[in-house]
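Trainee: Okay, so the first sequence: first residue is 1 according to my numbering, each after it adds one.
If you are wondering where the hints come from, they were derived from the structure by calculation, not from laboratory data. Errors might be hidden in some of the hints.
Said to hold, decoys possible - What follows is a list of derived Cβ distance ranges for each label pair:
| no. | residue 1 | residue 2 | range |
| --- | --- | --- | --- |
| 1 | Leu356 | Lys103 | 24 to 34 Å |
| 2 | Lys203 | Glu22 | 37 to 47 Å |
| 3 | Ile334 | Asp121 | 19 to 29 Å |
| 4 | Thr427 | Leu378 | 15 to 25 Å |
| 5 | Pro256 | Lys375 | 26 to 36 Å |
| 6 | Cys236 | Ala189 | 50 to 60 Å |
| 7 | Ser11 | Lys77 | 47 to 57 Å |
| 8 | Gly389 | Lys429 | 12 to 22 Å |
| 9 | His261 | Glu22 | 20 to 30 Å |
| 10 | Val74 | Glu22 | 25 to 35 Å |
| 11 | Phe306 | Ala76 | 40 to 50 Å |
| 12 | His261 | Phe306 | 44 to 54 Å |
| 13 | Lys383 | Lys69 | 48 to 58 Å |
| 14 | Leu19 | Ala76 | 43 to 53 Å |
Idealized CB from N, CA, C, for every residue including glycine.
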Amino acid sequence: MAKSSEKNVQSVKGMRDILPEEHLLWEKFFSNFRELCNFYNFRLISTPLVEDVALFQKSSGEGSDVVDKEMYMVKAKGSSKQLALRPEGTASVVRAYIQHGMKQQPHPVKLAYYGPFFRHDKPQFGRYRQFYQIGLETFSAKNNPLYDAQVILAAYRFLESLKITGVVIQINSIGCKACRPKYLKELVAYYKKHKKDICGDCKDRLAKNPLRLLDCKKDKCKEIKVGAPMTFENLCTECKGHFKSVLEYLEELQLPYNLNHTLVRGLDYYSKTVFEFTLEPVEGEESFEGLSLGGGGRYDYLVEMFGGKHTPAVGLALGIDRVLEVIKKRELNIPTRPKDKVFLIHIGELAKRKSLVLIEELRKAKINVREALGKESLGVQLKIADKLGVKLALIFGQKEAFEESIIIRNMATGAQETVPIRSLAKTIKKHI
RNA sequence: GUGCCUGUAGCUCAGUGGUAGAGCUCCGCUCUGUGGCAGCGGUGGCGCGGGUUCAAUUCCCGUCAGGCACCCCA
1 MAKSSEKNVQ SVKGMRDILP EEHLLWEKFF SNFRELCNFY NFRLISTPLV EDVALFQKSS
61 GEGSDVVDKE MYMVKAKGSS KQLALRPEGT ASVVRAYIQH GMKQQPHPVK LAYYGPFFRH
121 DKPQFGRYRQ FYQIGLETFS AKNNPLYDAQ VILAAYRFLE SLKITGVVIQ INSIGCKACR
181 PKYLKELVAY YKKHKKDICG DCKDRLAKNP LRLLDCKKDK CKEIKVGAPM TFENLCTECK
241 GHFKSVLEYL EELQLPYNLN HTLVRGLDYY SKTVFEFTLE PVEGEESFEG LSLGGGGRYD
301 YLVEMFGGKH TPAVGLALGI DRVLEVIKKR ELNIPTRPKD KVFLIHIGEL AKRKSLVLIE
361 ELRKAKINVR EALGKESLGV QLKIADKLGV KLALIFGQKE AFEESIIIRN MATGAQETVP
421 IRSLAKTIKK HI
């Protein structure tokens, strides 16, 4: 379609079309995901794209950009309720867990989801305003570190199934209700001493979200960071034990992790374990540095925050768009449309009229037939058949239509045989 | 949200202050019952809006979209 003849005929910023060729890759992605869910016993759940805005404000917390600045708001007709396009999945899954009384189900309750999410961010590589995630969540009676390891394992295996190599699990613990406030106090106190030396952004972070201070990439802030109190040293005994145990599981599973003391997460509801999936730089490859394929962590307080019974949980999300970008850039076994094997060529009105019925007959025999019924010339149709790379061309002309026969042509050798239409399906199957 | 760069055909890209071309693709013909090759022809475009100018695709401004960095995150 011409771009200029009409105004505004384009997708809006940060949102794109997924074209047929790319859909093959998405299909593969989803089939691997379903297989994974099946194997690790995560059951699929779908929640609405639109939720009460309070859901996200409460869970993700004020001070997070995702909720404060990037949420798409939706006007609800005839109601004062503020709605939002979901910016992430965990809050909705927790809401559904409570709403449908899943606490009555045998635990752990393991749920999986996929679908689009919305954040009004500035688009960049692997960053869209409508983006797609898959997610895994595990609700359990106790905050067993085994489940932390298991969601990480599942996600890692999933990336492995897509042939993505060099995945490293960045992992940290940010403590619990008991130890985090104390740690934050120390952190803030430390940074206050250096306030005049840190960047403007960090001054903001100091007030709003001190954990993120550890994330700053500015050189002068990095220097200061070296002396900052680290999360790990300030964990309470329980958190320390939990974290140690998670790491032991990862080692047992031989998963490559990197103890990253500065890893913190953008959403407020996390406690204890937090992690992200990143890629090791590869020689000769455009770096995916800083690109997180996914992340997650433990959120032991979220269920009770929404009025449910205290239920520890751990979960993660992977960015589908990002994973697929990596696959495309690395040119990893990108699926192509399976080659069609049979092409029907018609000549003349009678044959054309009978063609649709003939194709239906073959469909019943599970034979996929392609055609170009809009064309008339035999030569052109053969050319198309050739371009499609089919194995057999069926030539159906005036004479054949009248005699209820058809010519089967082997496209590679040019050998032809005439068979009665009655036995066509059988003969085709012999050839392919 | 901030800064820098980019925008010519479906795709990859030339080019110019006097309204544009190539390769590939697509469609047709040579070839109306036999494809791969080749030849010929055709469709189709200066992102949008405004300004400067006799004249703007070209210069300027705005806008939209894309890319990169920051920010943030998946």
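Trainee: So, for every hint listed, does it hold in this structure?
Mentor: Taking the hints in turn, this is what the structure says about them:
Between leucine 356 and lysine 103 the beta carbons are some 56 Å apart, a value that contradicts the proposed interval 24 to 34 Å. The hint said 37 to 47 Å for the Cβ distance between lysine 203 and glutamate 22, and at roughly 43 Å that hint holds. Remark: the range hint 19 to 29 Å for isoleucine 334 to aspartate 121 is upheld by a beta-carbon distance near 27 Å. For threonine 427 and leucine 378, the Cβ-Cβ distance of about 21 Å falls inside the hinted range of 15 to 25 Å, so the restraint holds.
Our hint of 26 to 36 Å for proline 256 and lysine 375 is violated, since their Cβ atoms are close to 55 Å apart. Hint check: cysteine 236 to alanine 189, Cβ distance near 19 Å, so the stated range 50 to 60 Å is violated. Remark: the range hint 47 to 57 Å for serine 11 to lysine 77 is contradicted by a beta-carbon distance near 25 Å. Roughly 19 Å separates the CB atoms of glycine 389 and lysine 429, a value that falls within the hinted 12 to 22 Å.
Between histidine 261 and glutamate 22 the C-beta distance comes to about 38 Å, which lies outside the given range of 20 to 30 Å. A hinted range of 25 to 35 Å holds for the C-beta pair valine 74 and glutamate 22, which are about 28 Å apart. Distance hint for phenylalanine 306 and alanine 76: a CB-CB separation of about 20 Å, inconsistent with the stated range 40 to 50 Å. Histidine 261 and phenylalanine 306 have their C-beta atoms about 31 Å apart, which leaves the hinted 44 to 54 Å range violated.
Between lysine 383 and lysine 69, the C-beta spacing of about 56 Å keeps the proposed range 48 to 58 Å intact. Roughly 33 Å separates the CB atoms of leucine 19 and alanine 76, a value that falls outside the hinted 43 to 53 Å.
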